[in-house]
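Asker: Please assemble the complex out of the two chains, which come individually in their own frames, going by the hints.
So the sequences go chain by chain: E and W. Using this note's numbering, you'd call the opening residue of the first sequence number 5 and step up by one each time. Using this note's numbering, you'd call the opening residue of the second sequence number 2 and step up by one each time.
What the hints contain is simulated information worked out from the structure, not anything from laboratory work. Among the hints, erroneous ones may be present.
As the list claims (entries may be wrong) - Once the Cα atoms are required to be at most 25 Å apart in a straight line, the calculated SDA-like pairs of lysine to any residue come out as:
#1 E:Lys197 to E:Pro185
#2 E:Lys172 to W:Ile119
#3 E:Lys172 to W:Val206
#4 E:Lys172 to E:Arg138
#5 E:Lys172 to W:Pro205
#6 E:Lys172 to W:Gln197
#7 E:Lys190 to E:Glu128
#8 E:Lys172 to E:Thr201
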Amino acid sequence: MAEPLLSTRNLAKSFGGLTATDDLSLDVLPREVHAVIGPNGAGKTTLISQLSGELQPDAGSIFFDGQDITALPAWRRPHLGLTRSFQITSIFRDMSALQNVALAVQAHAGHSFRFWRPAAQDPELLEPAREALRQVGLQHRADVAAAALAHGEQRQLEIAMALATRPKLLLLDEPMAGMGPEESAKMVELLQKLKGTLAFLLVEHDMDAVFAVADRITVLVYGRAIATGRPEEIRGNENVRQAYLGEESLAV
Amino acid sequence: MRVDLRLLLILLVVACLALLPVAALLAEEPYWMRFWSRIMILGLAAAGLNLILGFGGLVSFGHAMYVAIGAYTVGALRHHGVEGGLPDILVALGASAGVGLLIGAICLRTSGIFFIMITLAFAQMTYFFFVSLEQYGGDDGMRIASGTQLGPLHLDDTLTLYYSAFLLLCGVIFLTWRLVNARFGMVIRGARSNEQRMAALGIPVFRYRLTAYVISAMICALAGVLLANLTLYISPAYTHWTRSGELLIMVILGGLGTLFGPVIGAIVLLQLEDLLAHITQHWQLFLGPILILVVLFARGGLLGLLAPRQISQRPAEEIDG
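Next comes chain W alone, as it looks inside the complex (with noise of 0.2 Å):
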């Protein structure tokens, strides 16, 4: 029989994840469960990038911009003296739901390149609306007095923020498994197979799209929540355009459309950029090549590298990797 490689791997990281804060709490560096906190928060909003960019197809190149409006709910509520964490929650969900409703229904509108732009114009848009938000502190952004606090749970507890953003994780990719499994899902992955044929059929495609993208701002916006909560400070540079890259770069990286690539891409990148960093101050120079090369040998990204082969015969049955 076969070892499924990629199932391997899947089940290592989500135990080494698991039991981190007991390593890090042994070996007395609490700085590890910052570091790993961080790369699941940016991995859970690749996971929700990948669910109109792996599983839709369609190249978001703003979603940093929902991350952004997660984290500064936090802020903003703070700022004007509403504590307790459930406003917080709603709040960000509500807003990225809204948000992501109406660029969405405009973005939606068009295809392939002209998304590309249209959704990166409205993530610059939202970048020099938080700039020019003086009261959260304009260009420079805002500390954040509290965390979010939830009865007994404060997120801005480290060994709380981790495992909080690691049953979150958890949560995400499991909803991801169930949705794109199910009708909603083989509309969303069906469009972006072949989108004249849906129509062909009866299917307007248009409804489910705009579904799909405003579920994974929502999940963005959680990301964001816990980004707050972890760095205790808001910035417009949390919507800046490289931010809205490097999300991409993860799922891209981690393996397109499958459910735990954009977490695998998380853990791979950040942890090459705090490599390199160590190594050179020029450590851009370095990760650049290191992409080129993922994108031209592994076209699956890492855990295509590690799929059974014959994917040609295979047809695409379940998502399950």
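For reference, chain E alone in the conformation it holds in the complex (with noise of 0.2 Å):
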């Protein structure tokens, strides 16, 4: 087995009573489309705010590409390589899609104390940015402001600005969220063409999608990984079943 990308040891989060992510271990390796499912509550949005650094984990520790990176704050991680995508989307409502983008590149060509040219004029920034929008189907979409965009259209921008920062490994929060079937199918068709050329840990409540991409799914329940293995491993585990896919049968 490779070197894993990203590692979490022990992970623990709690909030008040409620135990939010417990004595989790988990590995994803370079490449892979590592899937997290589970029910509601489960932990899965607060293990990805673990790794994006927006929350601190009480115990346990965070590896990625080789260091320690528990206690690195939020904005350095996506220049290391890891970068989140939101499943409330979160974007520069009042500016272009390609602004949105271009600002996404910016965060990782040096610093932004620059005064005097004009950022939407400066092809360092725009090419990158018309290449993202490109691998998501968007560029037709460059110049619209991003509040006008559909919900669709948003959530691939959401991807667009996380693939700008060039990830090695991107924490995908839900992207279908709130999508409709033929929405979701481009979704799936974009993870597949991305599939291969990094690694993605993929948060989602569409089975369909996530059988259909994830090379390996982790079984998250009250914090806790009851188990981890390929696609029809998982399927087939008599613990999932009862825990998980029993109470929401799974059609696949």
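Answerer: What follows is the structure in structure tokens.
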């Protein structure tokens, strides 16, 4: 087995009496699509927030690319190649789609203490930004205000911004949230296209999507990993059936 | 083709400001120049505030403090027998940058209502600090013997001061235009729009905000130097919270995050004050409702009223109004 790109060791986080992450040890390999599934309240978003640095774990460690990043500030992590996307679309609503992505490019093009040249005409920012929009299929909407994009397009923009930071591992928090079947299908297609170029930690409720793209799946229940394995192993796992799949019977 | 009303108004205002002294000299009304110098000086301070309020989304309720620092620099230097102009400007810029760096570094750790309160608290502290400076007149303030002299330029001369304020104002607006459209400005505006996402993209917002805060403090201090030359007087009242409030009103009235909004706001506010004060002693009673109406019906300020429609479809491409 290759050296994992991301590992958590005995990660724990609780809010008052509520345990959101419980002794969680998890590995994501380079270029792997690793899905994390589990019922509502299983602590999936809390996990992503700890990996991205917005929440500090109570105990345990996070390693990325051989480095202990447990205490690293959130804004430093994308510079190592660890970027997140948001379940609730988090974009710059008053900027155009292209500007949104250009700002993501700018974050990784040296410091921003540049006071004179207009950023809107800077090919160093715009070329990679256009490329990221093309990757998600949004190039024809580049000049539209982000607030005026359709929901599905905003979700695509969300991904384009994350991709523009050139991550080694992308933390995707429910990329299909609120999407219709057609938009979901497009997103699965996009993930399959990107698969193999970088690693994903994918949190998603859409089981069809998860089983279609994931290399491995970890099942979280009450913050604890009850199983990790390839999709067919998870489907056949008795614990998983009892704890999770049984109640929401999987049609796959 | 649509005529952009904002552009028309701005060109008109700039042309009128450039030619006003001619009219004042012809009409033998030098008071006009003093009155409009005051408007431009406060407009300059408002333009400084606009950098962090309008573009950065940070409501500073203490920016009159930096105007006062600029004015007190002139007063203090003259009091201690330092003549000449360059020290006035350099010390004012240095002092406001130093104080801004310190206070900004503390205030910017907070946000929202806490930021408003803590900037107000620092301004009040400065107020009482100036009150306690007996050698500079304490509570009463102090006359300044002579203004700032830059070579042949005597800033306390009415005409010289007028055009200095005019050129400085134009310069600051030009500087702001470059700044907010450059990479630096994109970070500041992005942080106003969505701070969480900035961090998630890998941008450390704090240091850029602090820089913007210091630049805005220095612009206000320059306005303070000009103000001292206009009044030849310094007083703790310069940093009173009502002065900070006035600057806020100018920016909001004219249009948050627009280049010329602060100037338009300064013109309208001071003209309204002047007009209403001529009609009634209780002018503030009438000014209040007018401001409320503007806030209610012109969300983008007066410049926003004149902006082309379909705002929601239009991205904030380049700041140009």
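Asker: Each hint needs a verdict: does it hold in this structure or not?
Answerer: Going through the hints against the structure:
For the hint linking E:Lys197 to E:Pro185, the alpha-carbon distance of about 18 Å falls within 25 Å, and the restraint holds. With a C-alpha separation of about 41 Å, the suggested pair E:Lys172 and W:Ile119 falls outside the 25 Å cut-off, and the hint is violated. A distance of roughly 23 Å separates the Cα atoms of E:Lys172 and W:Val206; the hinted pair therefore holds under the 25 Å criterion. With a CA separation close to 19 Å, the supplied pair E:Lys172 and E:Arg138 stays within the 25 Å bound.
A C-alpha spacing of about 20 Å is found between E:Lys172 and W:Pro205, which places the hinted pair at or below 25 Å, so the restraint holds. At roughly 21 Å between alpha-carbon atoms, E:Lys172 and W:Gln197 fall within 25 Å of each other, so this suggested pair holds. Restraint check for E:Lys190 and E:Glu128: not satisfied, since their Cα atoms lie roughly 29 Å apart, outside the 25 Å limit. Pair hint E:Lys172 plus E:Thr201 holds up; C-alpha atoms about 8 Å apart against a cutoff of 25 Å.
Taken one by one, the earlier hints fail for this structure at numbers 2 and 7, listed in ascending order.
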